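What follows is each chain in one-letter form.
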Amino acid sequence: MWGVGLLGSTVVDLARVQFATTSIYHFLFVPLTLGLGPLVAIMQTLWHRTGNEAWLRLTRFFGTLFLINFAIGVATGLVQEFEFGMNWSVYSRFVGNVFGAPLAIEGLGAFFLESTFLGLWIFGWNRLSPRLHLATLWIAVAGSWLSGYFILVANSWMQHPVGYKIVNGQAQLTSVWALLSNGFALRAYVHTMLAGLIFGSMVVLGICCWHFLRGRDVDLFLKAAKLALIVAVPVTLLQLVVGNRFGAAVTSAQSMKIAASEAQWNTCQPCGFSVVQIGGFTASDQTPSFSITVPRLLSYMATGSFDGQVQGLNQLQTQEQRQYGRGNYMPNIRVIYWSMRVMAFAGVLMFLVAAAGAWLYWKRKLERARWFQWTALAGIALPYIAATAGWILTEMGRQPWIVQGLLLTSKANSPSVSTTWLGISLGVFIGLYLALGIVDFVLMRRYARPDRPGPQEELPLPAVTY
Amino acid sequence: MDLQILWFCLIAFFWSGYFLLEGFDFGVGMLLPFVPRDEKERGAMFQTIGPVWDGNEVWLVVVGGATFAAFPSWYGTMFSGFYIAFLLLLFLLIVRVVSFEWRSKSDAPRWRRMWMWVNAIASAGIPLIWGVGLANLLHGVPIDSNGDFSGTFWDLFSGYTVLAGIAFVLVFAFHGAAFLTLRTTGDLFERVSRAARRLALPAAVVASAFLIWTIAVAVDRNDKDVFPVILPAAIAIAALLVAVYLVYAGKIGLAFSLTAIGTIAVVATLFTGLYPRVMVSSPDFGNSLTVDNASSEHYTLAVLSVVALIVLPLVLLYQGWTYHVFRARVTGDEAPAPEGV
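Chains as they are written, first to last, in this note's numbering: chain A, 1 to 466; chain B, 1001 to 1341.
A hint or two may mislead.
Said to hold, decoys possible - Think about it this way: if two alpha-carbon atoms lie no more than 35 Å apart in a straight line, the pair counts; the simulated DSBU-like pairs of lysine-lysine are:
1) A:226 / A:365
2) A:363 / A:226
3) B:1040 / B:1251
4) A:411 / A:165
5) A:226 / B:1105
6) A:223 / B:1105
Claimed, not checked - To give an idea of the interface, some chain A residues facing chain B are shown, with a C-beta separation under 10 Å as derived from the structure:
7) 77
8) 111
9) 114
10) 139
11) 172
12) 176
13) 417
14) 418
15) 429
Said to hold, decoys possible - Anything over 12 Å on all C-beta distances counts as not near chain B; from chain A, calculated:
16) 217
17) 321
18) 375
19) 409
Since the hints were made in silico from the structure, they are not lab data.
In this text, all values refer to a predicted model and were calculated from it rather than measured experimentally.
Just so you know, even glycine gets a beta-carbon here, dropped at the ideal spot from N, CA and C.
With the hints as extra help, turn the sequences into a complete structure.
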C-alpha cells in the first residue's frame, strides 16, 4: 500500500509504515469504546429506571464486550504516545509547544477520569449505591469522549495549524483558544464521535442479529436491536451530511487533499463527481480510460455551491512549488481517491442497513428476516472498513507534509534511530498486534456468541472477574 | 516562581505518583508466582489491585504527555535515544495490560498460569528498565550538538544504572508486599507478611547503596554539591530502614506508609540530583539538556500550569476516593459482581 519494500526502504518509510500500522490498529478499538460505552450506559440507565432485568442482562452482556475491547485500546494507546518521541524526535521538538499541550491535557483531564471510573464501575457493583454505580459508567464514558476531543485538537493542528508562530525553527503556541476552537478540529470531532456511535450501534445490531439467527434470547436481543436502530438510523444519516461538510472544510484548509481524493488534475468549474473510474491516477496518465461522473456534484460537495470552483492538482503543484520551493507536493492519488470512496460508500451502505433494519423492526419482521440478519452480521465489518479508509485519507492525504505547510514528513524522523531498529520494532509491533488481534477476536466471539454453554435463564457472567 | 522549575517539579511529581501507585501493583505482580498457594489466592491477589491498576498506569501516560508538552527536547531525545529500552518497555506494558484482562476469561489452568507469569515477568521487567533509564538521565549518555543521542544501547549499562534497576525492582517488591499486608486476610496475609520480612532488608540495603551512589554520581558527573541531594536520599534511606524495623518488630501495618515515603524520596533524590539539567550528556557535558534549553515557551507552560492546578486536585480527590471505596480486605471468596442482583 505504501509502495515500499522492507529492503531498500528509508528510515522515514519505515517510521511511516510503523505509525500507519500502529495507529490504524489502535483505531480499530477506540471508536468501539467511544460508541459502545454510551450504549451500555443507556442500557444500565434503562435498568435503573424501569427495574426490568432484561436491561441488566444486556448491560452485563455488552459491558463484557466493551471491556475486552477497551483493554487493547489502552494497551495500544501507550504505543501511540511514545512513538512520536521514539520515531519522530525532530517532529516532537518542532511541535511540542503546541501539539504536546492537548496530549498532556488529555492525560490529566480525560484518561484519569476514564480509567479510574471504569475501575469503579467494574468492581463497584455491590460496593456503590445503584445510582452512584451508574454514574461511574457515565463519567468514564464522558472521559473517553473528552479524550477524543483533545487528541483530535492535536491531530487537526497537523492538518490545519492555527494559533502559533514559528520562532527559531520551532512552532510556538500563541493562542490556546485558537488551538481548542480550530474549526477543523470541531468538525473532525463531530465526524469521529459519530463514527464511534456508528461502530457501537452496528456492532450491537450485528450481534443481536446473530442471536436471532440462532433463535437464542430473541425477546431480549430485540430490545437491544431496537436501541441500536434508534441510534444507527439518525447517526448514519447525519454522518453523511457531516462528512460532506467536513470535506468542504478540508477543501479550504488542504486543497491538495481534496483534489487528490477526486483525482482532479485540472481546475474545474463546475466540477462533476467521479463515482468510479479506471486510470487517471498518475501524472503521466491524467485522463481516466473509463469513468462514471455525476455532473456538478463535486462542486457542491467541496464548496457548498453547484457552481463552485475546485482547484486541480497541476495548478496546486505549481502554486506550492512557488511557495515552498521545488518538490512534489502531491500525495499518492490512487490511494487517496479510493480511500475516500471506500469510506463514503461504506457510509452509505451502513445507512441503508440501518434503514432496512428499522423498517423491518417497525413491520415486526426483524426477528424473522434471515437475509437481513446475515447482512447485519456481516455489516459489523463496515464501520471498521470506513474508519480505516477515513484515516488513510486524512493522513496520507496530508503528505508530503507532517504538519501542513510547516514541516515535511521526510525531515521529521529521529536522526538517532537506524533502519535496522525501525525494522525490528516494526516487526515486534506487527507480531504482537497480530497475536493480540487473534486472541481478542476469539474472546469477543466467545462472549458474543448466541450458543454459549450454560442455562438460558442464568445472567451472563459478571463484567470482569479476577 | 519560574514555570520551568514548576514543570520540572511537576514531572518529578508525576513520576512519584506513577511509582508510588503502580509501584505496589508491580510488587503484587512480582509476588504472584511465589506467595499464593492456589488459584483462589492468586485471584485474591489480582483483586487487591484490580480496580485501581489501570488508573495508576495513567500516571505514566501523564508523565509522557507532560514531558512532550513542557520539555519537547527532553521528550524527543530521551524517547528516541533509549529506543531499544523503550521498545522492550512498550512490549512489557502491553502484555501486562492484557494479562490483567484476559487471565480470567478462561478457566483452563494452563491459560491462567501463562497470564500469571506474563504479569509477573512484566511487573519485574518494567521497573527494571525504568530504573536503568532514569539513572541514565543523571549518569549521562552521549548527546551530540544537535541534542540527539549519539550512543548505543550498551551505553545505557554501567554498574550504577544496573544497580538502579535492581533497586527499583526490590523496592517495589517490598512496597507491594507491604501493600498486600493491608489488603489480605488469613493465611494469605500470613504469607505476604513473611514475604515482606524476606524482602525488607535486601530492598533497604540495595536501595541505600543506590541512593548513596546517586549522590556521588550527581557530584561527579553533574557538577552538583552533596547538599541538597543528600536530603531526599537521607529521607529515603531512613524511611526504608524504619520500614525494615517495623516489619521485624511485627508492626507490619505501618510499613506501607514508609515504603511509600521511600519511593517518593527515591524519585526526589534523582530529580534533585538532575536539576537544572534534565539529561546529562557525557562525555560532552556542554551538550546536556537543561530545564532552560529543553523546555517549551512561557505561554505553553502557563496554559499547562492553569490546567494542572485545576485538574490535579480533582484527580487526587477521586483517585483517593477509589481507594476508600475498595478499602475492605480481599478474602478471595467474593466475586466482584454478584450473580443475580
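Hint check:
1. A:226 / A:365: 12 Å, holds
2. A:363 / A:226: Measuring from Cα to Cα gives roughly 12 Å; hence the hint holds.
3. B:1040 / B:1251: 27 Å, holds
4. A:411 / A:165: 19 Å, holds
5. A:226 / B:1105: With a Cα-Cα distance of about 29 Å, the restraint between residue 226 of chain A and residue 1105 of chain B holds, given a limit of 35 Å.
6. A:223 / B:1105: Since the Cα atoms of residue 223 of chain A and residue 1105 of chain B sit roughly 27 Å apart, the hinted pair holds (cutoff 35 Å).
7. 77: Given a least distance of 8 Å, the restraint on residue 77 of chain A holds.
8. 111: 5 Å, holds
9. 114: 8 Å, holds
10. 139: 9 Å, holds
11. 172: 5 Å, holds
12. 176: 5 Å, holds
13. 417: 5 Å, holds
14. 418: 9 Å, holds
15. 429: Holds: closest Cβ of chain B sits about 8 Å from residue 429 of chain A, inside 10 Å.
16. 217: 17 Å, holds
17. 321: Consistent with the label, residue 321 of chain A stays out of reach of chain B, its closest Cβ about 29 Å off (over 12 Å).
18. 375: For residue 375 of chain A, whose nearest Cβ neighbour in chain B is about 30 Å away, the distance exceeds 12 Å, so it holds.
19. 409: 16 Å, holds
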